[in-house]
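Each protein sequence line maps, in turn, to chains A and B.
Each residue of the first sequence is one higher than the last, beginning at 1 in the numbering used here.
Each residue of the second sequence is one higher than the last, beginning at 1001 in the numbering used here.
It should be emphasised that the hints constitute simulated quantities derived from the structure, not laboratory data.
The reader is advised that the hints may include incorrect statements.
Stated by the list, open to error - Restricting the straight-line Cα-Cα distance to at most 30 Å, the calculated cross-link-like pairs of lysine-lysine (DSSO-like) are: (1) K1029(B) x K89(A); (2) K121(A) x K1161(B); (3) K22(A) x K1029(B); (4) K1161(B) x K144(A); (5) K22(A) x K1163(B); (6) K152(A) x K1029(B); (7) K94(A) x K22(A); (8) K152(A) x K1161(B); (9) K1029(B) x K94(A); (10) K21(A) x K1104(B); (11) K21(A) x K121(A).
Below, each chain spelled out in residue letters.
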Amino acid sequence: MSVAIMTTIFFIVGYLLTFMKKQLPYVENAILFLWLSTLSFHLFTILTMQLEWIVIKDDPYLFLYPILKNKLITPVLFVIFINVYLTVKSIFSKVILIMLVIVSLILFDYISIQLDVFYFKQWNYLYTSILGLLFIIGSLGSVKLFSFINSKEVRR
Amino acid sequence: MTIVYDQAFNSNEWFIIISLMISIAIIVKLPRMFHPLESILYFSIGIYIGTFFDHTLGAGAWDFYDVNDTSNFQLIDAVSYIMYGPYSYLFMYFYVYFGIKGWKNLFYVLVWSTIGVGTEWISHLLNVFHYEKGYEFYWSFPIYYFVQTLQVLFYHTIQYKKKASPM
């Protein structure tokens, strides 16, 4: 059930990313996805296996779940966010967009807990929000870095 | 339960650091081939793939191997994932340098998969990988072949997208 739900969500965000009008070129979107995905997976591994702040249910059938959630859906969500963020102009819209992403992350964690995939031991939704905010800052920083590299290339 | 293989700073750590330094030095010395962002992408994809397989084959339900000194995640594990970056960059670099096309793709990927398995075997001898459940280093060959084929397809997708909308 839980893997089926996550697979469906993955297809939905995948479709959204594929067919949306993107502000960033393909290479930049790909780099952003790879960075976020690697970081998200490392963090989840540290939180579950090393620190054990989040306890994941010991069920071999669920092994696909963290891959879908952390390695695919979460980074795709941020790539969608960045591409939408670059189109909106007003501060209000930008704040709403950031809040929407954080609410989505909280919702993913809530669904995971309701589906009995994992539970929080020393973790909570506030930490999820802070982590989400750090990912947003990281994503925006990456976009700045890309434009810096591009402008340096133009000057060459 | 955490398995501890050793606690000293020895062969596995040195192998990771030295091979990372040598491969980065090679990248720096080679003439420029790609746009910097494209170079970053080819470097990052190696790290991504390394992480992906180590967190799927090497953990969770399968858990076919452990990396470095313990079965837990350590800082040197993260460094060892960076080690995959130069390999994937050099794979793409020489792919373009030799102008690989058509049937040559098959042999090119075959050669690089052999290099991959060979490096993994050396890593295993130097205690970077600790295989479990009967896993052998040559099992990784089809994984390298699959991943490198995907990378070639990815490269062609990038070229196609670049023609459609240049960076």
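Hints, verified against the model:
Between K1029(B) and K89(A), the direct Cα distance comes to roughly 43 Å. Violation of the 30 Å bound is thereby established for this hinted pair. Note on K121(A) and K1161(B): the hinted pairing is violated, with a Cα-Cα distance of about 45 Å set against a maximum of 30 Å. Between K22(A) and K1029(B), the direct Cα distance comes to roughly 35 Å. Violation of the 30 Å bound is thereby established for this hinted pair. Only pairs whose Cα atoms come within 30 Å are accepted, and K1161(B) paired with K144(A) is accepted, the gap being roughly 22 Å.
A distance of roughly 16 Å separates the Cα atoms of K22(A) and K1163(B); the hinted pair therefore holds under the 30 Å criterion. Between the alpha carbons of K152(A) and K1029(B) the distance comes to roughly 20 Å, so the proposed pair stays at or under 30 Å and holds. With a C-alpha separation of about 17 Å, the suggested pairing of K94(A) with K22(A) holds against the 30 Å cut-off. The hinted pair formed by K152(A) and K1161(B) meets the criterion: a straight-line CA distance of about 22 Å does not exceed 30 Å.
Proposed proximity of K1029(B) and K94(A) is contradicted: the alpha carbons are some 43 Å apart, above 30 Å. For the suggested pair K21(A) and K1104(B), the alpha carbons sit about 36 Å apart, so the restraint of at most 30 Å is broken. At most 30 Å may separate the alpha-carbon atoms for a hinted pair to count; K21(A) and K121(A) exceed this at roughly 40 Å.
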